[in-house]
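**Student:** Now for the letters of each chain:
Number of protein chains: 2
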Amino acid sequence: MKKKIRVIQYGVGPIGAGIVRLMREKQAVEIVGAIDKDPSKAGRDLGELVGAPDAPWGIAVTDHAGTALGQKADVVVHCTSSYLKDVEDQLLECLEAGCCIVSTTEELAYPFRKSPEIAKRLDQTAKDWGVALVGTGVNPGFVMDKLVLTLASVSQRVDSARAVRIVDASKRRLPLQKKIGAGMTPEEFRRQVEAGIIKHHGLPESVAMVSDALGLGVDEISEAIEPKIADERVVTQFLEVQPGQVAGVHQIARGTCKGQEKIYMELQMYVGAKDSYDTVELKGLPEIKLTIPGGTHGDIATASVVVNCIPAILDAPAGLRTSRDLPMCFFPPSAEP
Amino acid sequence: MKKKIRVIQYGVGPIGAGIVRLMREKQAVEIVGAIDKDPSKAGRDLGELVGAPDAPWGIAVTDHAGTALGQKADVVVHCTSSYLKDVEDQLLECLEAGCCIVSTTEELAYPFRKSPEIAKRLDQTAKDWGVALVGTGVNPGFVMDKLVLTLASVSQRVDSARAVRIVDASKRRLPLQKKIGAGMTPEEFRRQVEAGIIKHHGLPESVAMVSDALGLGVDEISEAIEPKIADERVVTQFLEVQPGQVAGVHQIARGTCKGQEKIYMELQMYVGAKDSYDTVELKGLPEIKLTIPGGTHGDIATASVVVNCIPAILDAPAGLRTSRDLPMCFFPPSAEP
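Line by line, the protein sequences give chains V and A.
Just so you know, the first sequence maps onto residues 1 to 337 in the numbering used here.
Just so you know, the second sequence maps onto residues 1 to 337 in the numbering used here.
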């Protein structure tokens, strides 16, 4: 029997916990450590922390990355922040420990425009240590980029691309409902947008990836975040939104080439959305459209994409990769190590 | 400036001609030769043969593969037959000339079950010469396999997969309308099915790829081909079908594991289809469905997938690859060599 894939979980918040539970189902994976800087988690058993029925697992969460990285893992699954500058040192430390990385940091999904210097350092360090890293998830990582590129593989010519994702946040967890501003006044929402608190990260990264991959020559990327105002009362398990209050976010990113729109990406994520779906549309030859009715469930899908990427990142050439480069597939629970 | 990708077209039938026209639009590609065993094509200018407005190109079609392969190409685009045993020697000769190959041979899309020995020889020869080859197209290669695997990247668990493709053949070329039996009596259709003349190739290959990639453990693949009978008169540009006559094919492939159905793939291709679409559906967690309304246009898409695969096959590790391994994307016409 071959050696199992040794994995360390870095960041055990709600998404990290979902990832850990999913990894536990994969025969080929052995979880060998977990890192979380939260002192209330340090020292706890990972299985108990993620609410696993078969806990304890005998894996202690540590707040000291170096201790866990001493375990000689093959892969670190990294879920600590959306911002690349906040995680650069964490990522470098993992690479220098000889680990491949799959990270949910949205700004890592395609960092070459916003953070070319950090991208270069990560790429070089990964190459020096012979490992690969990727930033991915459901979006960025799938709906508005990988799915667009995959659909474009049947295109002879692509003139422009459009992706729209409507998410009904009513059934999502409370932190998400709060994060999108549900129940706020429009004024409070705008203040939080200005303060950088309300924002779905990753749209400009998807625009950049799609532009480069499809050769659309986007030279400017703009982004707007507006409140989605409730026109009727919405009650969720956690909160209530009155008409006139904010139901969630309506975010649009555009990529233009010499002033002409080439890429349009729209995300609506709000409580009480009646029709949720993902669509991708390409103008060109052929004109083609793809729809996922009901949409891709965010929490389930992010954990899936990350865990499903583990075999691909181990197979990838050393360096900084993106979901553009990796063949995306499913990691069967029964797959042999 | 970097060297352009030197390509030889092997087989200049209708699909091959479409591929040649599309390759001509890619700045990074230089077509350096063309092979076709048809004596009426040998010696003709490739540009004229494919009806290019800027013909002649000064590229003579040859019926002698060795002559063209002396051109030291990087890639051979190969479109001569659906059957792997008929093309094995052609493929080996290209590999031994140091060329990567993108082929439309349906049985090459995933040959490991039906033709494991041929697959092994091709893989070994490719590795010996440091090149890679892949069999691909719209189906197999995209709708019923790559799209299924890509969608599965958001899955935590996959219990079964289903793909349905309904194609309206009314607007397709005459050879295709004839190939699907349009206008035949049901008896004649069945005779031609038995003789192996009427058949869409590649469904079992897609079933095998999906089973292996998703870990569905399919141990038996069955296939049925039935006529789709016209219930009203259908008139196309080329022919007429009366009620009771055959309008096209209705083909179903199933993959079962210990008798239980895990994969269902259905292809309906007939004149007068009112609602054409491609759908992929996964049971598991989540339950997810994807639809391409109108469907992926076969002739356009096959040429696209093949040409769009050229950069990917050059980047791939040496050996026999499948669309499962390759990141599929678009090959921008403006991409630099």
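A couple of the hints might just be wrong.
Since copy identity is lost for identical chains, a pair holds within one copy or between any two.
As the list claims (entries may be wrong) - Listed below are the simulated DSSO-like cross-link pairs for lysine-lysine, each with C-alpha atoms no more than 27 Å apart in a straight line:
1) Lys120 <-> Lys289
2) Lys2 <-> Lys283
3) Lys289 <-> Lys127
4) Lys85 <-> Lys199
5) Lys2 <-> Lys127
6) Lys199 <-> Lys274
7) Lys274 <-> Lys289
8) Lys3 <-> Lys127
9) Lys37 <-> Lys3
10) Lys37 <-> Lys72
11) Lys72 <-> Lys258
12) Lys289 <-> Lys2
13) Lys3 <-> Lys178
14) Lys4 <-> Lys274
15) Lys127 <-> Lys178
16) Lys120 <-> Lys179
17) Lys179 <-> Lys3
18) Lys2 <-> Lys41
19) Lys274 <-> Lys127
Hints were generated in silico from the structure; no laboratory data involved.
**Student:** So, for every hint listed, does it hold in this structure?
**Tutor:** Status of each hint after checking the structure:
no.	hint	verdict
1	Lys120 <-> Lys289	neither (35 Å within a copy, 38 Å between copies)
2	Lys2 <-> Lys283	neither (47 Å within a copy, 30 Å between copies)
3	Lys289 <-> Lys127	neither (38 Å within a copy, 38 Å between copies)
4	Lys85 <-> Lys199	within (17 Å within a copy, 56 Å between copies)
5	Lys2 <-> Lys127	both (25 Å within a copy, 24 Å between copies)
6	Lys199 <-> Lys274	within (22 Å within a copy, 43 Å between copies)
7	Lys274 <-> Lys289	both (21 Å within a copy, 18 Å between copies)
8	Lys3 <-> Lys127	both (23 Å within a copy, 26 Å between copies)
9	Lys37 <-> Lys3	neither (29 Å within a copy, 50 Å between copies)
10	Lys37 <-> Lys72	within (20 Å within a copy, 57 Å between copies)
11	Lys72 <-> Lys258	neither (49 Å within a copy, 40 Å between copies)
12	Lys289 <-> Lys2	neither (43 Å within a copy, 35 Å between copies)
13	Lys3 <-> Lys178	neither (43 Å within a copy, 54 Å between copies)
14	Lys4 <-> Lys274	neither (44 Å within a copy, 51 Å between copies)
15	Lys127 <-> Lys178	neither (40 Å within a copy, 54 Å between copies)
16	Lys120 <-> Lys179	neither (31 Å within a copy, 53 Å between copies)
17	Lys179 <-> Lys3	neither (41 Å within a copy, 50 Å between copies)
18	Lys2 <-> Lys41	neither (33 Å within a copy, 53 Å between copies)
19	Lys274 <-> Lys127	neither (47 Å within a copy, 54 Å between copies)
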